[in-house]
Amino acid sequence: MSRILKHRLFWPVVVLVALLLLNLVFTDGFFRIEMKEGHLYGSLIDIFRFGAPLILVATGMTLVIATSGIDLSVGSVVAIAGALACMRISDLSDQNSVAGVLSAVGIALVLSVVLGLWNGFLVAGIGIQPIIATLILMVAGRGLAQLITDGQITTVQSSSYKLIGGGYWLTLPFGIIIVAVVLALTAFLTRRLALGLLIESVGGNAEASRLAGISARGVLIMVYAFCGLCAGIAGLMISSNVSSADGNNAGLWIELDAILAVVIGGTPLSGGRFSLSGTVLGALIIQTLTTTIYSIGVPPETTLLFKALVVTIVCLIQSPAFRAKVFHRRRRPVPASTAPEEKVRVSA
Amino acid sequence: MAAPAPILRMSGIGKQFPGVKALDGVDFRLLPGEVHALMGENGAGKSTLIKVLTGVYDIDAGEIELEGRRVAFSSPLAAQQAGISTVYQEVNLCANLSVAENIFIGREPRRFGRIQWQTMRRRATEILSRLDLDLDVSAPLTSYSLAIQQMVAIARAVDIDAKVLILDEPTSSLDADEVAQLFRVMRRLKEQGIAILFVSHFLDQIYEISDRMTILRNGTLVGEYLTSELSQVDLVGKMIGRELADLEKLEARPPAREAAPLVEADHLGRSGAIEPFTLTIHEGEVVGLAGLLGSGRTEVARLLFGADHAGTGSLKIGGEQVNLRTPRSAVSRKLAFCSENRRAEGLIPDLTVRENIILALQAARGWSRPIPRRKQDELVDKYIAALNIRPANPDQLIRNLSGGNQQKVLLARWLILEPRLLILDEPTRGIDVGAKAEIQRLVAELSDGGMAVLFISAELEEVLRLSHKVGVLRDRRLVAELDNDEGLTTDTLTETIASGARS
Amino acid sequence: MTGITGLLDRRRTVPQKYIPVLVTAGLFVAMFVAGGIRYENFATGQIILNVFIDNAFLLVVAVGMTFVILTGGIDLSVGSVVALATMLSASLLKDGWPAFAVMALVLVIGAVLGLAMGAIIHYFEIQPFIVTLAGMFLARGLCYTISTESIPIDNPTFTDIAQTRINFGGDLSVTPSALIAVAVVLIAAYVLHYTRLGRNVYATGGSEQSALLMGLPVARTKIAVYTISGFCSALGGLLFAFYSLSGYGLSAVGMELDAIAAVVIGGTLLTGGSGFLLGTVLGVLVLGLIQTIISFEGTLSSWWTKIFIGLLLFVFILLQRVFSGGSRRRAP
Chain A
1 MSRILKHRLF
11 WPVVVLVALL
21 LLNLVFTDGF
31 FRIEMKEGHL
41 YGSLIDIFRF
51 GAPLILVATG
61 MTLVIATSGI
71 DLSVGSVVAI
81 AGALACMRIS
91 DLSDQNSVAG
101 VLSAVGIALV
111 LSVVLGLWNG
121 FLVAGIGIQP
131 IIATLILMVA
141 GRGLAQLITD
151 GQITTVQSSS
161 YKLIGGGYWL
171 TLPFGIIIVA
181 VVLALTAFLT
191 RRLALGLLIE
201 SVGGNAEASR
211 LAGISARGVL
221 IMVYAFCGLC
231 AGIAGLMISS
241 NVSSADGNNA
251 GLWIELDAIL
261 AVVIGGTPLS
271 GGRFSLSGTV
281 LGALIIQTLT
291 TTIYSIGVPP
301 ETTLLFKALV
311 VTIVCLIQSP
321 AFRAKVFHRR
331 RRPVPASTAP
341 EEKVRVSA
Chain U
1 MAAPAPILRM
11 SGIGKQFPGV
21 KALDGVDFRL
31 LPGEVHALMG
41 ENGAGKSTLI
51 KVLTGVYDID
61 AGEIELEGRR
71 VAFSSPLAAQ
81 QAGISTVYQE
91 VNLCANLSVA
101 ENIFIGREPR
111 RFGRIQWQTM
121 RRRATEILSR
131 LDLDLDVSAP
141 LTSYSLAIQQ
151 MVAIARAVDI
161 DAKVLILDEP
171 TSSLDADEVA
181 QLFRVMRRLK
191 EQGIAILFVS
201 HFLDQIYEIS
211 DRMTILRNGT
221 LVGEYLTSEL
231 SQVDLVGKMI
241 GRELADLEKL
251 EARPPAREAA
261 PLVEADHLGR
271 SGAIEPFTLT
281 IHEGEVVGLA
291 GLLGSGRTEV
301 ARLLFGADHA
311 GTGSLKIGGE
321 QVNLRTPRSA
331 VSRKLAFCSE
341 NRRAEGLIPD
351 LTVRENIILA
361 LQAARGWSRP
371 IPRRKQDELV
381 DKYIAALNIR
391 PANPDQLIRN
401 LSGGNQQKVL
411 LARWLILEPR
421 LLILDEPTRG
431 IDVGAKAEIQ
441 RLVAELSDGG
451 MAVLFISAEL
461 EEVLRLSHKV
471 GVLRDRRLVA
481 ELDNDEGLTT
491 DTLTETIASG
501 ARS
Chain V
1 MTGITGLLDR
11 RRTVPQKYIP
21 VLVTAGLFVA
31 MFVAGGIRYE
41 NFATGQIILN
51 VFIDNAFLLV
61 VAVGMTFVIL
71 TGGIDLSVGS
81 VVALATMLSA
91 SLLKDGWPAF
101 AVMALVLVIG
111 AVLGLAMGAI
121 IHYFEIQPFI
131 VTLAGMFLAR
141 GLCYTISTES
151 IPIDNPTFTD
161 IAQTRINFGG
171 DLSVTPSALI
181 AVAVVLIAAY
191 VLHYTRLGRN
201 VYATGGSEQS
211 ALLMGLPVAR
221 TKIAVYTISG
231 FCSALGGLLF
241 AFYSLSGYGL
251 SAVGMELDAI
261 AAVVIGGTLL
271 TGGSGFLLGT
281 VLGVLVLGLI
291 QTIISFEGTL
301 SSWWTKIFIG
311 LLLFVFILLQ
321 RVFSGGSRRR
331 AP
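Residue numbers (the UniProt record's numbering), protein chains in the order written: chain A, 1 to 348; chain U, 1 to 503; chain V, 1 to 332.
None of these hints come from the bench; they were simulated from the model. Worth double-checking, as some hints may not be accurate.
Taking lysine to any residue pairs in the SDA-like style, the calculated list, with each CA pair at most 20 Å apart, reads [said to hold, decoys possible]:
(1) Lys-325/A <-> Gln-127/V
(2) Lys-325/A <-> Ala-219/V
(3) Lys-238/U <-> Asp-266/U
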């Protein structure tokens, strides 16, 4: 029992289950999943479907945070990818042409990777603090997205493009399939192959990693590029779902939700150890929270209040200091000497 | 010497951490005007005792008396206000602030709540000049060397009307001149009747400066002795609790066999770091580097490993001309480098012992070719056993290991690569005597097995004991290369370092 | 017995700490001159005063942010707290509360919110980023709970303040809000430079661990900076209410980014411990001047502002690397 209690995903799971149970009480058939016209429907499916972009962005963010970085620019990349794809598609003579849509999607994704590389270059090449380096693109990127759409909301009429965010495949929403593929790929790269160890090592101590023969710079750039790619896919999903691109509002604050999802999932902002499953759990908690608020009839205006509440609770429960102070009422003995020591070094 | 009343008395101190009894019934006393060394291996409880005394931790048992009054400090601040000041191993000042502020922060001279900068600078200058220091007090502390920063820390401590001054490993990163300067300051403070608690791993320093010592082992008190009445051998014996023949055993080193040159540095140099030097290391040879801190020892190692780029000269490895641009390319040529700065340049604290051990091998293979788990376990178990790493649990986080065991893990990281040249920069600094002997023995075995070793250490005995050949550095220049034959002693080495002349 | 002057390896770094501020000042002047050459009626004192008037609230918010960033923290909640302050003022005034009671209450609420966040950050050791993010959601959520609509303010005290102009002679005039902002800057600069609290802020940002071991009240300092930031945000919100004469839950979205950008452009390091309030003032002025220039240009769309700010951030960060990067590298 105590092993389960100590598992780092214990509390996030508890919170998610509590939220789902709350829904069960308020909504009849919340757990029911139906088959209509060969598509799966149900509240649980919806949580996954609407949560798909967040899970994607949070997956990329997890790896960035594991390198003790942060990427504030993902929201802007979401907007840019959607804007570029929609602009390209709206220029097509036949908006339903698969080849045309594919090339638009391809260009948007390439640009997302390029933007990620830019972040990686600033962080690893020039050595700028990640939070500032990505702040640049966060601010400028919104402007770029609006520049691409010329400040308008660009709408497209393309059934092929609609598939990405709103379509179905093999009875499942296509977005869920994309997420599953990206997650599986990420898990394979990081856990089956050795990328995860190298990322955690760079996040834990970049200089030591370099001296151990790891190309820390390469790892960082790769991770930021991957994060850009994830954000780009999420951007396509979001714009495809509404068949339009809004440079100003698409993906607004998604970086904050993504960071939250990562932290709720137990990956510390200080880098090092990361947990992909924790991140998925965190993203699902955030999405379920939104769904819950609608389903139990709380006015939607207060969504943010609940979010604040849940975030605070989850983070407090996971904080060792909080647990020590509230549950044990004893002074923390060991951490005082371990954690701060690393900060002590004087830059002589 | 008629003993005056102790200014500080700790009795029956006990401190429990989850799973560990850090201190158990320890008594300790400190007399005014003495330098008192606190001795013990890593993990003996020295730092816990200091932290208990200065209010960083609560005590679970026992009591503390300062000037006859019972005290219990809730924080370092409370201890400081009562007259117990501490200067830690790594300077605990704010390097972004000016020298004057670092001396006065928290008790700045004020009028109506407004800080009097003029007065503060003037008084800071006065205080420093009393310690023979002439600094620009309005300059940020970062602009001074670590040694100066340490003196500033002491100046701050002393000015807070300290009755007790705790110096926790202040000398570990100072060179000989700086240590001498520190000792001058300590003696001056001693004359003023301040009681100094001194912690250091350097036995020579302990014998030079301390009057009395208290020895701890595994959280318990071994005893209190007058320094003049306890020989070094007895001291070491009491610290580790067993007779230490290990250190002696290595004395007889077989002469280096004639072997092929492995690394040939020809006028390799980097401006601002090290003057061009020429050095050849043969297979199976242990080359020692001796010199003061800052003499360029580490810089030689970093150039040979590609951690820094060489500005001039050329480097041959195994007869082949190479240009090492990154540590990665050095590793691929089977060079390995254990940095002197374990915490900043070695450990990945959040990872387990197993992950830390396989890291370099994994890096060499690249991320797309993971080491199979079974192979990992095999390698890790082998080296945990071979190096006697404790606890022998591969899934323990490395940050929870003692300094000596962390060092062994880092050694294991490189040994599984089976390097041709192993560069060890201060591998035995700050670790306990037992682990030190084990590492020394290991180096000897490795070189017997054909591995070349570049061994850097501040302790000349150690360099002499292990090396076939000693390179002497001074002022960022390789000034001499001496064969380690009968004629070479620590005295001749010291002389070479001091004079810089080739003998 | 000689001193150890021989061991001194002091490098010439004294003026270095002023360089980022000087660069920002130079940029401001350059932009002003360029604007003056390019547009008519640009190079007047009133243009600068207008930048103060239009950005008074941002200036106050950025002052609070500077305190937080100097300790090495960050406060994402400021924009929402600004909105909450306008919302609270508007709705309380509508309910007939006296103006000064409203102002006092709003300021207290802002400070208490900051205090609470600071306490959580310090005592439960949760990253400031996350705590203030939760604070951001909370404040924004409270706004929407009050109302999702914009509430106009017609209280005479507020409208008076909004319409008052203080003349400097000539054609120069400012609003009371701009003067309040300047007063806040002056007080804050005094606090940072001449009081223990201010120095503790720098010390905590330099090395929290050291500050703790030197016996400085780190807990109080950290909680104080978030309280100050909360207070400044609330005050900024009041100024914003004077400026817009309404309360709206969607106002000041993203203002935390502007505030952070102003602080960074002003040369303060996000790692803490280094920077000046004057830099922040210049940062706000530069941001304000960009907007002025874009409005003078007329043909440029509003999104160019964002792109320019992004570019500026990039250039400044690069400059900071060039100037300070060298000395921060590994020294012997």
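The hints, checked one at a time:
Restraint check: the Cα-Cα separation between Lys-325/A and Gln-127/V comes to about 17 Å, which is no more than 20 Å; the hinted pair holds. Of the supplied pair hints, the one linking Lys-325/A and Ala-219/V holds, its CA atoms being roughly 16 Å apart against a limit of 20 Å. For the proposed pair Lys-238/U and Asp-266/U, the alpha carbon gap of about 47 Å is over 20 Å, so the pair is violated.
Consistency note: the structure conflicts with earlier hint 3 alone.
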